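Asker: Just need the whole structure built from these sequences, with the hints factored in.
Sequential numbering from 5 applies to the sequence shown in this note's numbering.
Don't read these hints as lab results, they were simulated from the structure. Treat the numbers as computed from the prediction; the structure is a model and nothing was measured. The reader is advised that the hints may include incorrect statements.
Unchecked claim - Pair by pair, the computed Cβ-Cβ distance ranges are: (1) K315 x S366: 18 to 28 Å; (2) S341 x K315: 40 to 50 Å; (3) R146 x W234: 27 to 37 Å.
To be verified - Straight-line alpha carbon distances no greater than 20 Å define the calculated EDC-like cross-link-like pairs of lysine to aspartate or glutamate that follow: (4) K290 x D162; (5) K275 x E52; (6) K296 x D111; (7) K268 x D342; (8) K74 x E52; (9) K203 x D172; (10) K337 x D162; (11) K259 x E361; (12) K274 x E338; (13) K259 x D342; (14) K298 x E143; (15) K178 x D111; (16) K399 x E132; (17) K274 x E295; (18) K131 x D162; (19) K274 x D284; (20) K109 x E152; (21) K109 x E202; (22) K399 x D133; (23) K399 x E376; (24) K222 x E208; (25) K406 x D133; (26) K141 x D111; (27) K296 x E208; (28) K337 x D284; (29) K316 x E376; (30) K268 x E285; (31) K131 x E113; (32) K268 x D284; (33) K298 x E152; (34) K275 x E338.
Yeah, the Cβ is synthetic: ideal placement off N, Cα and C, and Gly gets one too.
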Amino acid sequence: MATSINTKKKEIVSKKDKTPKSILILIIILILFIFQEILFRVIFPIPEVTNFNRINYSPVFFGTNPSELKYLSNSSFIWASDPDGVESVINLNLYGFRGKDFCTKPDPEQPRIAFMGDSFVEGYLAKEDETIISNFKKEAQRHRKNFELLNFGIGGSDFSTYCRLLCDMMPALKPGHVILILHANDLPPQPYNPEWLEKPLVPEYSNWWMPRIYYVLKNVIQGKTVPHMWISKPFTFFGSVPAPSNPWSNTEKAKRYETFVSAKVADAMKKGRFNPFSVDEYAQFKEHLQEKFKITDYLNGIQNFMAFYGKKIYIAYIPSRNQASSYYLKYIKEFSSDTSLVPLTDSVYNIHAKILESSCNSLGIPFYDCTEIISKAENSGNHLYWNYDEHMRPKGYALIGKALYEWWRNAKDM
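Answerer: Here you go:
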């Protein structure tokens with residue numbers, strides 16, 4: 005009898021011993037899971053809107069096959085101009101655009117302004133604090149105004165890109181103002197397609213409760229981009245020969261180019277260290293700058309789209325360097341087959357800004373032409389563009405940023 009009682013006591017004690025151990029193991033597992041989740045959320049951040057990314061608007065920009073497209077999250081690339089002895093590393097955020105990550109909810113204390121445009125807006129060959137947008141912000145702060153500025157510049161883009169981007173960006177990030185900065189190479193535009201603005205993005209928001217490890221593993225298995233907290237190692241914007249995306253990889257083209265492109269420039273182009281598509285850019289500009297076009301349908305479509313959200317569009321124009329000065333012709337000769345380059349500063353080559361201004365005025369869209377202030381600086385010997393590369397030096401971006409703020413602060417109240 006005593007033995008039976010002792011046995012039962014031991015069983016009870018044994019059960020009591022096991023219960024705390026089981027709870028302890030569960031607590032340890034829970035702590036490890038929480039720690040792992042916190043760690044993964046820090047290392048692998050997720051954009052708030054999961055179906056909005058730069059790659060949707062610029063697949064050609066990276067020479068990528070549509071079937072191989074991957075989101076550009078915290079990526080980086082190099083734009084170089086070896087003939088000028090300069091390069092810039094462009095760091096991209098979770099959405100694939102230059103600058104800090106975007107929050108979907110605008111700060112009520114800082115009006116949100118979105119800037120759209122090509123590589124001039126993105127700020128090639130300039131540091132982050134030297135872009136047009138950064139200088140716009142500095143000028144605003146000088147007037148004791150604070151704005152949240154979003155950089156939606158996309159190198160190699162065009163009017164169709166701007167329309168599709170606007171159609172997605174407005175519902176996803178809800179900017180209060182949009183400034184579209186056009187460069188000379190954006191015009192004339194391709195025929196307008198109303199469908200570009202007919203289907204606004206339906207934002208797909210990330211699920212806060214989804215375990216981050218599940219998200220990471222799912223993307224890895226599906227071959228999708230896994231965003232991470234660090235910026236990826238930069239790749240060059242242009243592939244070097246023999247990359248198919250580099251025109252110098254074509255033997256026939258290369259032989260023809262070598263008959264007139266200087267050795268210094270040719271070497272840089274082959275390495276992807278100078279825009280290989282710049283060959284004969286002068287002849288292309290000379291032809292296109294004289295072409296008349298109609299753009300009211302584009303502007304009217306954009307204006308109506310913005311009106312749907314109760315917002316305004318503002319448009320500015322930046323000329324090519326050859327429209328502002330003949331200074332750069334001696335450098336452009338090194339990659340032009342035309343042996344007699346004439347200045348493109350004459351009025352016959354500066355009709356696009358006038359057409360744009362007339363169309364904007366007819367629709368009541370605020371417009372600013374940067375040609376005058378750029379030409380004035382160039383005529384005084386203050387050269388704002390790089391000698392070989394078509395982009396602006398930091399001082400050129402600074403001039404534009406300051407001028408745009410002064411114009412916009414008055415235009416927004418019109």
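Asker: For K337 and D284, compute the direct alpha-carbon distance and say whether it is at most 20 Å.
Answerer: Measuring from Cα to Cα gives roughly 9 Å; hence the hint holds.
Asker: Are K74 and E52 close enough, with their CA atoms no more than 20 Å apart?
Answerer: The hint holds at about 17 Å.
Asker: Under the criterion that the straight-line Cα-Cα distance not exceed 20 Å, is the pair K274, D284 satisfied?
Answerer: The given pair, whose Cα atoms are some 16 Å apart, holds under the 20 Å limit.
Asker: Straight-line Cα separation of K268 and D284 no greater than 20 Å?
Answerer: Status holds; Cα separation ~16 Å.
Asker: So if I understand the rule, the pair passes when the alpha-carbon distance is 20 Å or less; does K399 with E132 pass?
Answerer: 13 Å, holds
Asker: Does E361 lie within 20 Å of K259 when you go C-alpha to C-alpha?
Answerer: 43 Å, violated
Asker: Is the straight-line distance between the alpha-carbon of K178 and that of D111 20 Å or less?
Answerer: Since the Cα atoms of K178 and D111 sit roughly 11 Å apart, the hinted pair holds (cutoff 20 Å).
Asker: When you check the alpha-carbon spacing of K274 and E295, does it fall within 20 Å?
Answerer: Measuring from Cα to Cα gives roughly 32 Å; hence the hint is violated.
Asker: Straight-line Cα separation of K259 and D342 no greater than 20 Å?
Answerer: 17 Å, holds
Asker: Tell me if the beta carbons of R146 and W234 are separated by a distance inside 27 to 37 Å.
Answerer: Holds, at about 34 Å.
Asker: Would you mind confirming whether the straight-line C-alpha gap from K268 to E285 stays at or under 20 Å?
Answerer: 17 Å, holds
Asker: With the threshold set at 20 Å, check whether the alpha-carbon distance from K109 to E202 stays at or below it.
Answerer: Violated: K109 and E202 sit about 24 Å apart, past 20 Å.
In summary, the numbered hints that this structure violates are 5, 6, 10, 11, 14, 17, 18, 21, 27, 29, 31, 33.
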